[in-house]
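Chemist: Assemble chain F onto chain H, guided by the hints.
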Amino acid sequence: MSDASRHSSTHLGDTSPTSPTSSDHLHDLLRRVTRRDRRAFAQLYAATSAKLYGTVLRILKERGRADDVVQEAYVTIWQKAAQFDAARASPIAWMVAIARHAAIDELRRQPRAPHEPEEALAHTPADEPSAREHLEHEQDAKRLHACLEALEAERRDMVRLAYLDGWSRADLATHFEQPVNTVKTWLHRALKQLKGCLAP
Amino acid sequence: MTDHDDIDMLAAEYVLGTLDAEERAEVAQRRQHDADMEARILAWEARLAPLGNEVEAIAPGPDLLERIERRIDELEATFQTKSKSEDDTHGATQVIALRRRLGFWRGCTGLATAAALILAVVMIAPFDDTPDAPPFVAVFQQDDQQPAFMLSVDLDSRRLNVRPVTAKPLPDRSYQLWIKADALGPKPRSVGVLNDDLSLPADALSDYDSELLKRATFGISIEPPGGSPTGQPTGSAIHGYLYPTDRDAVSQHL
Numbered sequence: 001m002s003d004a005s006r007h008s009s010t011h012l013g014d015t016s017p018t019s020p021t022s023s024d025h026l027h028d029l030l031r032r033v034t035r036r037d038r039r040a041f042a043q044l045y046a047a048t049s050a051k052l053y054g055t056v057l058r059i060l061k062e063r064g065r066a067d068d069v070v071q072e073a074y075v076t077i078w079q080k081a082a083q084f085d086a087a088r089a090s091p092i093a094w095m096v097a098i099a100r101h102a103a104i105d106e107l108r109r110q111p112r113a114p115h116e117p118e119e120a121l122a123h124t125p126a127d128e129p130s131a132r133e134h135l136e137h138e139q140d141a142k143r144l145h146a147c148l149e150a151l152e153a154e155r156r157d158m159v160r161l162a163y164l165d166g167w168s169r170a171d172l173a174t175h176f177e178q179p180v181n182t183v184k185t186w187l188h189r190a191l192k193q194l195k196g197c198l199a200p
Numbered sequence: 001m002t003d004h005d006d007i008d009m010l011a012a013e014y015v016l017g018t019l020d021a022e023e024r025a026e027v028a029q030r031r032q033h034d035a036d037m038e039a040r041i042l043a044w045e046a047r048l049a050p051l052g053n054e055v056e057a058i059a060p061g062p063d064l065l066e067r068i069e070r071r072i073d074e075l076e077a078t079f080q081t082k083s084k085s086e087d088d089t090h091g092a093t094q095v096i097a098l099r100r101r102l103g104f105w106r107g108c109t110g111l112a113t114a115a116a117l118i119l120a121v122v123m124i125a126p127f128d129d130t131p132d133a134p135p136f137v138a139v140f141q142q143d144d145q146q147p148a149f150m151l152s153v154d155l156d157s158r159r160l161n162v163r164p165v166t167a168k169p170l171p172d173r174s175y176q177l178w179i180k181a182d183a184l185g186p187k188p189r190s191v192g193v194l195n196d197d198l199s200l201p202a203d204a205l206s207d208y209d210s211e212l213l214k215r216a217t218f219g220i221s222i223e224p225p226g227g228s229p230t231g232q233p234t235g236s237a238i239h240g241y242l243y244p245t246d247r248d249a250v251s252q253h254l
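Heads up: the protein sequence lines correspond to chains H and F, in order.
Residue 107 in UniProt numbering sits at position 107 of the first sequence, and the numbers go up by one each step.
Residue 11 in UniProt numbering sits at position 11 of the second sequence, and the numbers go up by one each step.
Only chain H is shown next, with the shape it has when bound in the complex (with noise of 0.2 Å):
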């Protein structure tokens, strides 16, 4: 990775208006957006665009597609830039999930070739992401993992697989060997777990 992809996604959970990344900042540069204003846009582009493409690379794993995608969602940030809504997500996490979604509305239409789980597993970290990527709140980030630890293994790793990876649960339950309506019951499950333990 570039020093300067590198430095696009830095500090993304910093709280510093004057940081170019800071939530503040990014919200500032979204009001600007919503009165057309070319050049915030560009500016959101340069501040997020990394942490963005890095989100639907994972779940694409080819960047002939992730262009096709990562453009869509920001013409789609561009359009609904007036819906963000600062009281119910942070700009990042709602650019990045609308990132996300067409990520998956584009796997979904068109599956890519089998998966090598291996891989896939590998790549998602056991330990604490580094600090300067988070996206959340640390303590947000610290309490999901905190409960996610509390879920028993394989039901931790389907949860990571689709969220970061895009697993269908048909690509779930042949990986892990269980039936499809296995599947959906122990993620439901797990989704009930997490949202017990992360509830105040």
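Do not take every clue at face value.
As the list claims (entries may be wrong) - Pairwise CB distance ranges, derived in the manner of DEER restraints:
1. H:ARG189 to F:ARG70: 42 to 52 Å
2. H:GLU177 to F:ASP6: 52 to 62 Å
3. H:GLN110 to F:GLY185: 26 to 36 Å
4. H:ALA42 to F:GLY231: 33 to 43 Å
5. H:ALA86 to F:ALA21: 28 to 38 Å
6. H:ALA153 to F:GLU26: 25 to 35 Å
7. F:GLU74 to H:GLY64: 41 to 51 Å
8. H:ALA82 to F:ASP73: 35 to 45 Å
9. F:ALA21 to H:ASP85: 19 to 29 Å
10. H:GLN110 to F:GLN29: 33 to 43 Å
11. H:ARG31 to F:PRO225: 34 to 44 Å
12. H:ARG39 to F:GLN32: 29 to 39 Å
13. H:ARG88 to F:ASP156: 20 to 30 Å
14. H:ALA87 to F:GLN29: 20 to 30 Å
What the hints assert, rightly or not - Pairs of lysine to any residue residues, derived as SDA-like cross-links and limited to a Cα-Cα distance of at most 25 Å, are as follows:
15. H:LYS195 to F:ALA46
16. H:LYS192 to F:HIS4
17. H:LYS80 to F:LEU75
Everything labelled a hint here was simulated from the structure, so no lab data went into it.
Model, not experiment: these values are computed from the prediction.
For glycine and all other residues, C-beta sits at the position ideal for the given N, C-alpha and C.
Modeler: Frame of chain H, contents of chain F only:
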């Protein structure tokens, strides 16, 4: 399992990404009008978002921003989104929107040389719907130099005023004003050929309703005497800047 559980699990799996294409499409549509579903989806997004911290940031290729901006240009040219602009960027925003539309006109005139022709594009769309919104004045420029024409339109009365600034009557040539709007199809329509004194009847737009005019763009081209022989602009050259003005200033022109 209760219905609430079902809905919450549907939202959760939507966010997790494990639904199939059909189920995803249903949820994506439902969230548009179902506030409960939308709230559940956002709650799940918030719960799971920290997982994204694990994703390695990867810079996209250097051309992607340009691709995205081109795509936005295409969309904006054919679909003008009205936005509520509330501050002093108002005028600037409209100039940007206007510039964006220039490419659209270039594409549809199929003209040979830019230099031959003055065609400026005007967008009359005020970006708000307040009744006191001032009419807008468009400035048609030639070769990025001095304004050639100014056009003002009062949306309430649908009266227009074209006024030459530096443009002069041309021997053996006529100026022609065109209107273009999605509702009128892909091609510009003639509003009229300018008189010898470079004026047009103020009621030349009275056939168009104000909603259409708000979304329309305008251009002026140089044509053979009496107007374009083809019913379409036969020349182009395009630089336009749009200036909001207040009602008093415009009434002087009218």
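Chemist: Could you run down the list of hints and mark each one as holding or not?
Modeler: Structure-based check of all given hints:
no.: 1; hint: H:ARG189 to F:ARG70: 42 to 52 Å; in the structure: 47 Å, holds
no.: 2; hint: H:GLU177 to F:ASP6: 52 to 62 Å; in the structure: 27 Å, violated
no.: 3; hint: H:GLN110 to F:GLY185: 26 to 36 Å; in the structure: 35 Å, holds
no.: 4; hint: H:ALA42 to F:GLY231: 33 to 43 Å; in the structure: 40 Å, holds
no.: 5; hint: H:ALA86 to F:ALA21: 28 to 38 Å; in the structure: 31 Å, holds
no.: 6; hint: H:ALA153 to F:GLU26: 25 to 35 Å; in the structure: 32 Å, holds
no.: 7; hint: F:GLU74 to H:GLY64: 41 to 51 Å; in the structure: 20 Å, violated
no.: 8; hint: H:ALA82 to F:ASP73: 35 to 45 Å; in the structure: 19 Å, violated
no.: 9; hint: F:ALA21 to H:ASP85: 19 to 29 Å; in the structure: 27 Å, holds
no.: 10; hint: H:GLN110 to F:GLN29: 33 to 43 Å; in the structure: 20 Å, violated
no.: 11; hint: H:ARG31 to F:PRO225: 34 to 44 Å; in the structure: 51 Å, violated
no.: 12; hint: H:ARG39 to F:GLN32: 29 to 39 Å; in the structure: 31 Å, holds
no.: 13; hint: H:ARG88 to F:ASP156: 20 to 30 Å; in the structure: 40 Å, violated
no.: 14; hint: H:ALA87 to F:GLN29: 20 to 30 Å; in the structure: 24 Å, holds
no.: 15; hint: H:LYS195 to F:ALA46; in the structure: 11 Å, holds
no.: 16; hint: H:LYS192 to F:HIS4; in the structure: 12 Å, holds
no.: 17; hint: H:LYS80 to F:LEU75; in the structure: 14 Å, holds
Checked against the numbered hints listed earlier, the structure breaks hints 2, 7, 8, 10, 11 and 13; every other hint is satisfied.
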